[in-house]
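Asks: Top line first, the protein sequences correspond to chains A and B.
With my numbering applied, the first sequence covers 1 to 319.
With my numbering applied, the second sequence covers 1 to 199.
There's no promise every hint is true.
Below, computed lysine to aspartate or glutamate pairings styled on EDC-like, alpha-carbon distance capped at 16 Å [claimed, not checked]:
#, chain 1, residue 1, chain 2, residue 2
1, A, LYS206, B, GLU175
2, B, LYS160, B, ASP144
3, B, LYS21, A, ASP179
4, B, LYS21, A, ASP20
Computed far set for chain A versus chain B, every beta-carbon distance over 12 Å [stated by the list, open to error]:
#, residue
5, ALA3
6, GLU49
7, GLN86
8, LEU123
9, THR214
10, ALA231
These aren't lab readings, by the way, just hints derived from the structure by calculation.
Virtual Cβ for every residue (Gly too), placed ideally from N, Cα, C.
Spelled out, the chains give:
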Amino acid sequence: MNALLAIVGRKVKVAIASWDNFFFSTLDLYNVSLFRCLFGIALFFMYLERDNAAGLFFMNHGIIPVHQALAIIPEGYKPVIALFLQTDRGIQVQLIAHLVLIALFAVGAFGRSLTWLLFLVNLGLNQRDFSIVYGADLFANCWLFYLCFVDHNRYFSIWNVLKSSRRPSKENDDSGMSDIVSSFGVRLLQIQLCVSYAFTGFEKLKGLRWWEGTAVWYVIGMEDLIPHDLAFMKHFPMTVGLLSMATIIFEVYFIFAVWSKRLRYPWLFAGFCFHLGTAVFMGLWYFFLVMVTPYILFLPNVRNAVAAAWKVERPYDLP
Amino acid sequence: MNHQTLPQSAVQAPMRHQWLKVFLSIFAVWHIFSIFVLPDPDSIVYRHLTRSVVPYGNLIGFNNTWRFFSPNPLIRLLEYDVFTRDSSGNLRLLTSGRYPRRLEHEGNREVYNRKLNSGMFLMIQNKVPVTIGRVLCRQYANADTIAIYLRGRVFPEIEKADLAYEGQHVTNLGEVVRQYMFDIHCADVRSGVGGSGGA
Numbered sequence: 001m002n003a004l005l006a007i008v009g010r011k012v013k014v015a016i017a018s019w020d021n022f023f024f025s026t027l028d029l030y031n032v033s034l035f036r037c038l039f040g041i042a043l044f045f046m047y048l049e050r051d052n053a054a055g056l057f058f059m060n061h062g063i064i065p066v067h068q069a070l071a072i073i074p075e076g077y078k079p080v081i082a083l084f085l086q087t088d089r090g091i092q093v094q095l096i097a098h099l100v101l102i103a104l105f106a107v108g109a110f111g112r113s114l115t116w117l118l119f120l121v122n123l124g125l126n127q128r129d130f131s132i133v134y135g136a137d138l139f140a141n142c143w144l145f146y147l148c149f150v151d152h153n154r155y156f157s158i159w160n161v162l163k164s165s166r167r168p169s170k171e172n173d174d175s176g177m178s179d180i181v182s183s184f185g186v187r188l189l190q191i192q193l194c195v196s197y198a199f200t201g202f203e204k205l206k207g208l209r210w211w212e213g214t215a216v217w218y219v220i221g222m223e224d225l226i227p228h229d230l231a232f233m234k235h236f237p238m239t240v241g242l243l244s245m246a247t248i249i250f251e252v253y254f255i256f257a258v259w260s261k262r263l264r265y266p267w268l269f270a271g272f273c274f275h276l277g278t279a280v281f282m283g284l285w286y287f288f289l290v291m292v293t294p295y296i297l298f299l300p301n302v303r304n305a306v307a308a309a310w311k312v313e314r315p316y317d318l319p
Numbered sequence: 001m002n003h004q005t006l007p008q009s010a011v012q013a014p015m016r017h018q019w020l021k022v023f024l025s026i027f028a029v030w031h032i033f034s035i036f037v038l039p040d041p042d043s044i045v046y047r048h049l050t051r052s053v054v055p056y057g058n059l060i061g062f063n064n065t066w067r068f069f070s071p072n073p074l075i076r077l078l079e080y081d082v083f084t085r086d087s088s089g090n091l092r093l094l095t096s097g098r099y100p101r102r103l104e105h106e107g108n109r110e111v112y113n114r115k116l117n118s119g120m121f122l123m124i125q126n127k128v129p130v131t132i133g134r135v136l137c138r139q140y141a142n143a144d145t146i147a148i149y150l151r152g153r154v155f156p157e158i159e160k161a162d163l164a165y166e167g168q169h170v171t172n173l174g175e176v177v178r179q180y181m182f183d184i185h186c187a188d189v190r191s192g193v194g195g196s197g198g199a
């Protein structure tokens with residue numbers, strides 16, 4: 001009995017150590033800072049373009065008057081707290097604050113505390129017109145939430161340009177490494193990406209078109225989404241089948257492959273190509289950027305790769 | 001290293017870290033459990049946790065299904081015919097349109113995609129009369145009735161397309177189906193009554 005307890009005790013200790021190591025060990029903040037910067041830039045231009053139609057999407061004279069904002073959200077999905085301002089003037093202020101905060105976020109002007117504010121402002125605008133929310137907004141909301149935990153402006157920050165004392169340096173090696181809350185946030189973000197991919201794959205498997213491998217053919221037929229004439233693909237049914245099946249295999253197995261040293265790079269490359277394809281053919285450029293920028297979090301040695309690309313001898317001095 | 005030789009604050013810091021790790025670990029278990037439950041509203045687990053996990057998901061905007069082009073790829077476009085009433089009381093077609101307009105007439109691709117999403121979402125939620133219908137009734141001040149349709153293409157199977165549609169543009173494959181959905185009565189909408197639409 002004692003021997004059994006000892007074995008169980010050892011296993012529990014190993015499990016706790018693994019958990020501790022996975023969620024709380026220090027990570028280089030370079031990757032997450034680069035991710036925040038690129039994601040922020042994508043977000044800024046995405047919402048700048050969206051806000052061209054702000055009157056139609058968000059104002060009382062638009063498609064969703066304020067009293068319908070929560071009414072159009074299906075039962076069971078209604079927000080617990082409405083985070084949008086109720087008047088047109090208020091929404092204008094919220095839209096401007098949203099863009100300003102994203103711009104500051106992209107250049108690393110603030111850290112965790114104001115990222116919470118950006119997250120809430122962004123979530124409020126999603127609630128204000130839920131009908132226009134699509135994949136890029138849903139994932140952006142997730143990434144913003146997780147970045148609220150992360151010290152993401154250690155690198156690629158405007159402050160590093162303005163204040164040399166703030167720049168992480170070789171003498172102060174720890175300044176570029178994460179604290180336990182930052183590591184925790186990065187890990188949750190990675191898990192979210194994996195789980196979301198898995199569910200998108202599972203959902204596709206419910207459909208006959210994906211199951212029989214012809215889904216890509218029917219996507220090609222969506223003339224309102226794909227303005228290109230890809231009818232010639234009817235001569236390549238095997239390619240259509242393989243593309244359909246590869247989509248599901250990529251999504252369902254991402255959760256395993258991305259943690260494998262051998263499969264990580266092929267899988268991330270496949271994901272990059274997959275999202276690039278949707279961007280080129282469906283014009284989903286921002287969705288592409290929102291989805292592939294977190295891939296940076298799975299790449300080791302990004303700092304050295306960037307330094308080599310820019311031929312910088314002392315990568316620690318990069319802003 | 002003997003803790004007694006360290007200042008009090010240095011001893012307390014690792015303790016604080018331990019408690020923080022415990023707190024974050026409990027939160028991680030809860031949150032990861034949530035992100036597995038929330039995408040599947042059909043599951044019995046989801047249905048049993050509508051008072052805990054679901055409000056949490058709604059609070060932070062994580063209550064999503066992650067359905068993209070699934071279970072089958074399907075996009076429908078909202079179209080409308082605007083009718084006005086002439087002096088003898090008969091309805092006359094004033095104009096027709098679609099929401100969104102053609103890509104080249106929209107401000108940018110981002111707005112176009114969002115409108116496409118919006119049209120389908122509001123149709124599914126049966127909210128077109130009080131949302132898009134309201135804007136159309138205001139845009140066409142003389143409109144009496146607006147008929148709403150869903151347009152989509154019944155695309156042929158790939159083998160059939162290979163045999164029957166040689167050399168044809170993708171927009172000529174299969175057939176366009178325009179399904180009448182319902183009428184919006186602008187008098188009701190303008191007076192604030194027209195909420196149902198009755199799809």
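Asks: Could you run down the list of hints and mark each one as holding or not?
Replies: Evaluated hints:
no., hint, in the structure
1, A:LYS206 to B:GLU175, "violated (26 Å)"
2, B:LYS160 to B:ASP144, "violated (44 Å)"
3, B:LYS21 to A:ASP179, "holds (11 Å)"
4, B:LYS21 to A:ASP20, "holds (8 Å)"
5, ALA3, "holds (29 Å)"
6, GLU49, "violated (4 Å)"
7, GLN86, "holds (17 Å)"
8, LEU123, "violated (5 Å)"
9, THR214, "violated (6 Å)"
10, ALA231, "violated (4 Å)"
Violated hints for the displayed structure, listed by number in ascending order: 1, 2, 6, 8, 9 and 10.
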